[in-house]
Amino acid sequence: MIADLVQNTLDGLSAGATYALLALGFTLIFGVLRRANLSFGPAIMFGCYAATWTHVNFGAGLLLLALITVSGAVLAGAYVERLCFAPHRGGSAIAAMVASFALWMQFEELATLIMPRHLYAFPLLYEGDPLALGPFTLRIDALAMLGAALAACLALWWTLYRTRFGLAVRALIEQPAAAALAGINVPWVFVRVFALASAIGGVAGYLVVASHGQITPMLGMWATLKGLLAMMLGGLGSLPGAVIGGLALGLIEAHTQWYLGPQMRDLIAYLLLFVLLAARVPWMTTRSAS
Amino acid sequence: MDDYAIGVLTNIALFSFIALSAYLLLIAGEMSFGQQAFFGVGAYAGGILTTLYAWPLPLAALAAMALGAVAQFLVALPTLRLRGLHFAMATLAAAEMARILFELMHWRREIDGELAGPDGTQGFRGIRWIFEHGIEPLHYLGIVGVLLALVLALFLMIERSKLGATLRGVGLDPELAASVGIDVQRIKLGVAAAAGALAALGGVLYAHHNTYIEPRNFDIMLGVHSLAYALIGGLGTAFGPLLGVLLDIGTLESTRVFHGYRMIVFGGLVALVLVYRPRGLLDERTVQWLRQRFS
Amino acid sequence: MAKAALLLIVLALPLLAQAQTPEAQLRCESTGQDFVYDCTLMLTRFGRPLEGAQVTVGADMPSMPMAHSVRPARARPGLKPGEYKARLDLEMLGEWAIKLRLDGPVRDLLVLHYEFDSKGAMPRKR
Amino acid sequence: MSFLEVRDVVTAYGKIEALKGVSLEVAEGAITCLLGPNGAGKTTLMMTLAGILRPKQGSIVFAGEEIAGRAPHAIVARGVALVPENRLVFPAMTVLENMHAGAYQRGDKKTVPGDIERMFARFPRLKERAAQQAGTLSGGEQQMLAVARALMSRPKLLLMDEPSLGLAPLVVEEIFRIVTELHRDGTTIFLVEQNAHMALRVAQHFYLMEQGKVTFSGDPGSLAEDEVIRRAYLGSAQRPA
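Protein chains in written order, with numbering that gives the first Met the number 0: chain W, 0 to 289; chain D, 0 to 294; chain X, 0 to 125; chain H, 0 to 240.
Bound-form chain W, shown alone (with noise of 0.2 Å):
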């Protein structure tokens, strides 16, 4: 009883993590932008297809694969900035939203026209026994995954608060007036903020496909889906809200998976964020999102 307790709060904490990893880009594009990027997902799967791709056709080891990954997913998430939300700065915020769902149906076609089949094996992070430990087991990879996500965290917190760049996104994200009044250049800050949000969003991605081994173009909406949820969890354009909001969503839904199953776990998410947001607590609504 206590044993599954505590094994699905581990098995919580290394699923949220990639969920905050994901809320984490979310929020860096939707706090700059003031935009929610549908795209964000499909850019994601790109990456992982870029690197699915190459593993098929010419085998690579695991890091390299997590390279390609990033790097195709950055490439992608360039292409959404320039074709969806540079046009649309200062602009209307559905047109770019919409325009981004059109990129993503891009994605998911060019995804099955390069790899036609619906799964994919993609080599998995690590193929060895769980690691038994007392009535608990602990799989490799979800410490493995855990540990890079929390590393990729570490990683942003530094370049937020730590950088000349993370100064002007923070500055940015708070006042995007003042921030161009204090001489930042805010369309070039944008585009390196989505190349950030993206190559974030790659290294989940990454360590989603690697821990499940395998990979199918369902990948762009579930990352989607999972970003946007654990986003407005933690309340829409806070970076450390978007870590919380991706590690309580990993802790509900690993519980209830156990005691209610899958079904039962997506509508409790849900049920979840309706009713907050129909509550509108406080933490969710202080900030504007137009």
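Calculated directly from the structure, the hints in this document are not laboratory data. Every residue, glycine too, gets a C-beta built ideally from N, C-alpha and C. Treat each hint with caution, since some may be false.
Between beta-carbon pairs, the in silico distance windows are [claimed, not checked]:
| # | chain 1 | residue 1 | chain 2 | residue 2 | range |
| --- | --- | --- | --- | --- | --- |
| 1 | H | 124 | W | 153 | 27 to 37 Å |
| 2 | X | 51 | D | 133 | 16 to 26 Å |
| 3 | W | 61 | D | 131 | 57 to 67 Å |
| 4 | X | 43 | D | 118 | 34 to 44 Å |
Place chains D, X and H on chain W using the hints.
Leaving out everything else, chains D, X and H in the frame of chain W:
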């Protein structure tokens, strides 16, 4: 007309209902990611009524519309004060909940020696009312087309009336609208109920056209597509959403030039159109220009 | 022995319960060309082969059923009674909802779920 | 030659023109003041000068170079900094981080710490609160921070939009003391003010603006103060009450 053409035209008409429901919300200033839920509610409710309870389709359609209106009204009631992405995410959460509830729904009875009714993820087979009543595909297209024309006529009438101006006023600037004495909450609740009924009508007609539905038919893809159709077609007139559907299904799908590349072409086209026309092809300015030109 | 008889009855039940809705079974083999399949269809009604039907075979993707649809092909009668043959040109691998529109002695629309891979098609297992 | 020369600038929000052809000049080393009633277009002019708004037509020449329509960061780089209306500090960032943000586009990173020390000497209150979040400061302190942030870019021309807005009289006195100090140290200042009395005390030249147009230009002595104040608050074309 060959079967394929009839099928494509029926699909265009069916999509138009849900695109119009997204359009209605957009002109009232709300972006919904969740219209697929009410389309699904209509499809399931209508299918259950005709298949399990032997209701005639027209009556089942009316009941499904009422249910769709009530469903979206109930979703809107606690979420209408949310704006922008908050509202969109609340509708998405509601829609995903609805989809999961469809997955959990097992409601099967023996009809004519066969088990019929929703069977969770296995879907809902045998919604055969139009076959049992000998309605040919061409006739069904006629029925769907007439209903769509009626809905469009209603839209055009409302858009020329004071109510239409009020709707656009609420959409463009709710604070200003409230300050001149418009009950913004009531208008938006009314719009939500109407959008729910409209999507549900599309759903009923879809279920009976296809004879088979399953929960996956009603995922976020359908909702965001309808939003995209409404937006690229244009927010200036109710013909906008139709143009959006026509552009995708009508030209790209049926002309097989882009076989296998359709979404790449369409996706790029949508993104490019929105760069130059953020409120769609038939936006307010174009519609005004057209009216002056031809009246 | 009694158990076996019971099993037989249970297995036969669906056959006994056969109503007027036709039943369909599909076998598809890749032609070697990408996403093009030769399919053989067995139609039965009241447990007997259904002959003389005009069958149109179409296909939908289960998510976005109205958008990703494939131009339907008219099926030719096969050698055996109740057998029909059609060539399907899909857009990609994966799960497809195969739609059979029947005209002639019976008018109906049947929807079957098959998973298409590079060799052929398998019924969806879920 | 004047330092800043604005010629026939028109800025519009959609179809509504907020500036209907504004022309004025700011002399190097002086304090120039812009007065006028609410809605005259003063803030629109400041936003246009700083590059946040793009003028529909007209020219803005600063130190011999056309800056109309350039991006805000490019205008800051040329030595024009705006202290915006309502201050707009970065509330969740510390006072020190706010000042670093002001120095963002400067290439000479080595001189930044020295400048921060000089700012702290000028605004001792900010030094006390250096590690505090800017959102927790009082209105007057936030105004000082906004000025300090703008000065961190080492501007040749400082634009100030209503620095006394919503502040207590004693704090207003202090803000104007700082304005005169900055002027004495050689900064050119272009000031928008509602508080005509205070503005006329520090300025060498002033403009009156009404309904998107400059309606008067003169030295503080050239028009009786109560007439200036009347027109600055109510406009010259008074409607019957």
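Structure-based check of each hint:
no. : hint                         : in the structure
1   : 124(H) to 153(W): 27 to 37 Å : holds, 35 Å
2   : 51(X) to 133(D): 16 to 26 Å  : holds, 19 Å
3   : 61(W) to 131(D): 57 to 67 Å  : holds, 58 Å
4   : 43(X) to 118(D): 34 to 44 Å  : violated, 22 Å
This entry does not satisfy hint 4, going by the numbered hints stated previously; all others are met.
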